[in-house]
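Chains Y and H are the protein sequences, given in the same order. For the working numbering, count along the first sequence from 1 and bump the result up by 7. For the working numbering, count along the second sequence from 1 and bump the result up by 7.
Rather than coming from a laboratory, the hints here were simulated on the basis of the structure. Where hints are given, some of them may not hold.
Copies of the same chain look alike in the list, so a pair counts if it works inside one copy or between any two.
What the hints assert, rightly or not - Lysine-lysine pairs mimicking PhoX-like chemistry, simulated, CA-CA at most 25 Å apart:
#1 K280 - K290
#2 K407 - K280
#3 K477 - K280
#4 K332 - K433
There are 2 protein chains.
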Amino acid sequence: MTEINRRSFIAGVGLAAGFASPSVRSQPVAAIPERTAPPVTEILASYIVGARHSYLPDAVRKEGTRTLFNWTGVAIGGAREEAIDIAVAALAAFAGTSQAGLVGRRERLDVMNAAFVNGLAGHVLDFDDTHLKTVIHPAAAVVPALFAYAEHSAAAGKCVSGSDFLTALVIGVEIECRIGNAVYPDHYSAGWHITGTTGVFGAAAGLSKLMGLDQEKTAWALGLAASQPVGLRESFGTMNKSFNPGRAASNGLFAASLAAGGFASSNRMIEAKAGWMRTLSTKQDYDQITDGLGQRYEILLNTYKPFPCGIVLHPAIDAAVQLHKENKLTGAMIQRVDLKVNPLVLELTGQTTPRTGLESKFSIYHAVAVALLEGAAGTAQFSDRAVQDRSVIALRTKVKPTVFATVRPEEVEMSVMLNDGRRLFKRIDHAIGGVERPMSDIDLDRKFFDVASCVLPQAQVNRIMDLCWKIEHLADASEIIRHATLA
Amino acid sequence: MTEINRRSFIAGVGLAAGFASPSVRSQPVAAIPERTAPPVTEILASYIVGARHSYLPDAVRKEGTRTLFNWTGVAIGGAREEAIDIAVAALAAFAGTSQAGLVGRRERLDVMNAAFVNGLAGHVLDFDDTHLKTVIHPAAAVVPALFAYAEHSAAAGKCVSGSDFLTALVIGVEIECRIGNAVYPDHYSAGWHITGTTGVFGAAAGLSKLMGLDQEKTAWALGLAASQPVGLRESFGTMNKSFNPGRAASNGLFAASLAAGGFASSNRMIEAKAGWMRTLSTKQDYDQITDGLGQRYEILLNTYKPFPCGIVLHPAIDAAVQLHKENKLTGAMIQRVDLKVNPLVLELTGQTTPRTGLESKFSIYHAVAVALLEGAAGTAQFSDRAVQDRSVIALRTKVKPTVFATVRPEEVEMSVMLNDGRRLFKRIDHAIGGVERPMSDIDLDRKFFDVASCVLPQAQVNRIMDLCWKIEHLADASEIIRHATLA
Numbered sequence: 008m009t010e011i012n013r014r015s016f017i018a019g020v021g022l023a024a025g026f027a028s029p030s031v032r033s034q035p036v037a038a039i040p041e042r043t044a045p046p047v048t049e050i051l052a053s054y055i056v057g058a059r060h061s062y063l064p065d066a067v068r069k070e071g072t073r074t075l076f077n078w079t080g081v082a083i084g085g086a087r088e089e090a091i092d093i094a095v096a097a098l099a100a101f102a103g104t105s106q107a108g109l110v111g112r113r114e115r116l117d118v119m120n121a122a123f124v125n126g127l128a129g130h131v132l133d134f135d136d137t138h139l140k141t142v143i144h145p146a147a148a149v150v151p152a153l154f155a156y157a158e159h160s161a162a163a164g165k166c167v168s169g170s171d172f173l174t175a176l177v178i179g180v181e182i183e184c185r186i187g188n189a190v191y192p193d194h195y196s197a198g199w200h201i202t203g204t205t206g207v208f209g210a211a212a213g214l215s216k217l218m219g220l221d222q223e224k225t226a227w228a229l230g231l232a233a234s235q236p237v238g239l240r241e242s243f244g245t246m247n248k249s250f251n252p253g254r255a256a257s258n259g260l261f262a263a264s265l266a267a268g269g270f271a272s273s274n275r276m277i278e279a280k281a282g283w284m285r286t287l288s289t290k291q292d293y294d295q296i297t298d299g300l301g302q303r304y305e306i307l308l309n310t311y312k313p314f315p316c317g318i319v320l321h322p323a324i325d326a327a328v329q330l331h332k333e334n335k336l337t338g339a340m341i342q343r344v345d346l347k348v349n350p351l352v353l354e355l356t357g358q359t360t361p362r363t364g365l366e367s368k369f370s371i372y373h374a375v376a377v378a379l380l381e382g383a384a385g386t387a388q389f390s391d392r393a394v395q396d397r398s399v400i401a402l403r404t405k406v407k408p409t410v411f412a413t414v415r416p417e418e419v420e421m422s423v424m425l426n427d428g429r430r431l432f433k434r435i436d437h438a439i440g441g442v443e444r445p446m447s448d449i450d451l452d453r454k455f456f457d458v459a460s461c462v463l464p465q466a467q468v469n470r471i472m473d474l475c476w477k478i479e480h481l482a483d484a485s486e487i488i489r490h491a492t493l494a
Numbered sequence: 008m009t010e011i012n013r014r015s016f017i018a019g020v021g022l023a024a025g026f027a028s029p030s031v032r033s034q035p036v037a038a039i040p041e042r043t044a045p046p047v048t049e050i051l052a053s054y055i056v057g058a059r060h061s062y063l064p065d066a067v068r069k070e071g072t073r074t075l076f077n078w079t080g081v082a083i084g085g086a087r088e089e090a091i092d093i094a095v096a097a098l099a100a101f102a103g104t105s106q107a108g109l110v111g112r113r114e115r116l117d118v119m120n121a122a123f124v125n126g127l128a129g130h131v132l133d134f135d136d137t138h139l140k141t142v143i144h145p146a147a148a149v150v151p152a153l154f155a156y157a158e159h160s161a162a163a164g165k166c167v168s169g170s171d172f173l174t175a176l177v178i179g180v181e182i183e184c185r186i187g188n189a190v191y192p193d194h195y196s197a198g199w200h201i202t203g204t205t206g207v208f209g210a211a212a213g214l215s216k217l218m219g220l221d222q223e224k225t226a227w228a229l230g231l232a233a234s235q236p237v238g239l240r241e242s243f244g245t246m247n248k249s250f251n252p253g254r255a256a257s258n259g260l261f262a263a264s265l266a267a268g269g270f271a272s273s274n275r276m277i278e279a280k281a282g283w284m285r286t287l288s289t290k291q292d293y294d295q296i297t298d299g300l301g302q303r304y305e306i307l308l309n310t311y312k313p314f315p316c317g318i319v320l321h322p323a324i325d326a327a328v329q330l331h332k333e334n335k336l337t338g339a340m341i342q343r344v345d346l347k348v349n350p351l352v353l354e355l356t357g358q359t360t361p362r363t364g365l366e367s368k369f370s371i372y373h374a375v376a377v378a379l380l381e382g383a384a385g386t387a388q389f390s391d392r393a394v395q396d397r398s399v400i401a402l403r404t405k406v407k408p409t410v411f412a413t414v415r416p417e418e419v420e421m422s423v424m425l426n427d428g429r430r431l432f433k434r435i436d437h438a439i440g441g442v443e444r445p446m447s448d449i450d451l452d453r454k455f456f457d458v459a460s461c462v463l464p465q466a467q468v469n470r471i472m473d474l475c476w477k478i479e480h481l482a483d484a485s486e487i488i489r490h491a492t493l494a
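Start from the sequences and build out the full structure, keeping to the hints where you can.
Structure below.
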């Protein structure tokens, strides 16, 4: 029984005897108090409308640029994966073909479907950025939605400048991460793929800014975004995982486009009793949304994966790669590998016998085995080839993780028993790529170049990298996407 | 803390002392038991693949035809509402224009956007069908998705026969209502607009059948549908309410189209630990999904609204219309109106001062006042005109509903105090239009004719009505939609 039903029931029983007497007390709905919630939908809409590029601190602009840079490289790298091929072929039956390009590919689609497909490409390698407080991948839904809109606008003669693009990106990341902070971890623990559910807000928020919507329409865009959450964690290890941010991108674009035309929603959709936060989470920490809005930026907490797989695997991979390099390990040397890990490691990446590259991104057994054997953990180590490698399969059965609630997600302890009786130990306090050991710009350069060069010619990759670093100086942000497609 | 985290924590503490000893016991993920759930995703996929038109009992085929008939009339009637005008104009920026028609309109769109817009039109008047066990509007997402696909198939020379169309409709309704039964009322009480959240499944299921998907791909279609629930109850009274089944229709079409191309999901998305039922509901009654599947049909419980507004208002309107007719009531005669109502009446329709026709569909105060004054409750009584009528405004402040948990949703007691001292009383045990007092075929004829004639010429309306009743004999089901558009 809901709170309102329970209250009504009690009120009803008390009044039953007096019904139909002229003195009966009515029970108007206003007498039923709701839990007090600040008007966060309007607060966010007001913030979005008021935000300006000139208000962004240098560090925020810099991190926004790194976010864009990392997404673009990873999306190009993912552009030829099977999931993308299938999606492009399936959508051809109804998609338009002229409005927006697909990174790393020859085809063009209408903006809605281009946002979806580029969203798939950016997430399919599980190599994108991570807001570790919420495990949201902030760029995943936001950037493809902004790019599709920017390219379409340019064709209509109204270019989106690079600085406007970056401002919208920062806004989108801010909105999705603040909403994420307000409901994490309950919302994620319940089963939601938080990147998809909050990503719709991020895309709608950034687009509301680019479209120049007023506060009322921005609130409606957020309301229509709230109506379209995407993604459940059961999808992990399947094509459906990257579907989630892809569809979040097109849902955000759909929401903002309708709101721009005057399609109305509630202006309390995030905080209302039957609204997003109370329906999709048992935790509602409204202060996380409103405190320091416009002062403190969540994008400063963004991180970039050094390894293309579930982020909770990164400490163990970091340890395994180091142990391999320090000890020139081979499969024949290793008797057993013990790990102390955070509980999320087995909850999210407990696949014991992955059958595909996609599944291997969610297997602690595979990740540790392949990293110990090959001293690396790039796209080659999470491919169908690696999953079928006999020495990897043999070693992964010797990997024995044990979960401890006291081990933080960025930590691991690894103990490798060798057949010669030696024991090798490695403790990681902060996995490489995290906030404490961030990827440098040069690390990001190397990552972009390596992953994108598998799909596009090196000279073209270099040109795109250059454009991404210079985003704030571009008169037309969609120049990046045009350079990132195949002619 | 989730169940899995709690178990892991306990296991972790117990093992902490022994870590890194060769005798340490590992904690593989297989050792963590999940709550047992039957494989409902696969069970439903198997049912969908095996279903045949020849298996449908006569009564089921008849009710499927009535469901189609009622949706078509109501959708034509809603086709010129402001929400539809706005959506069509906004979508024009990116939608294709050639694939599918819009009921009651001249424009054409690509199938995905046509399914959305026709979905809006079918629900915007709040005049459609209702599965009272769950308050799902079964046709709302299913029929527009099937029509868009059927019309596109016909253009490609592969007509969907009327009997195949009706089979897919029955399947779609069956799947969405069974999933609804399994989670109602908890899922709805939490804040979800159940028509949108389950409607995605209904549309995907019906389309999987029409597309001839095998069991694996049908399960993926259901998985991608599960990833895209639409709609929160905070939207009620705004354009966002009809957005929900509209987007559910296009989401279902999107899911089935991708699955048809081989885009993979989990085959346990409905029942898995981080799947749809456990993430979106505190109640999971799996038997409601599987018991008597293919034997007992939920569509036999479908009902058709006699009044274009929230279904929980219908008993009170029924009483008010009867009292008006029996007593020739005018506003000047009435001192006060007391009502005993189910708690949902104030939870869903507690709007005291509606400002628009859309909002008035969720106001017990308006509905009772206008029905007492005008002796009717059609689209004219829930229009902007009616909301601004001074005598309605004056009377609605005298309407005093009191909620009682013991009053069933289909019941009401109304007591009208007159200025001359008389008291008029009316008790409704089963509102008109419910399962116990169903709309007859002639009632449906009159409803269709009245509502659709406001939008299309009467001769055209008669032709469409005839085609709908004959659906099972049509070689091409999309003939209906082609006749229902403007040339």
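Structure-based check of each hint:
1. K280 - K290: both (13 Å within a copy, 19 Å between copies)
2. K407 - K280: Only across copies: K407 and K280 sit 23 Å apart there, 45 Å inside one copy, limit 25 Å.
3. K477 - K280: neither (44 Å within a copy, 45 Å between copies)
4. K332 - K433: For K332 and K433, only the intra-copy Cα distance (12 Å) is at most 25 Å; the inter-copy one is 86 Å.
In summary, the structure is inconsistent with hint 3 from the numbered list given earlier, while agreeing with all the others.
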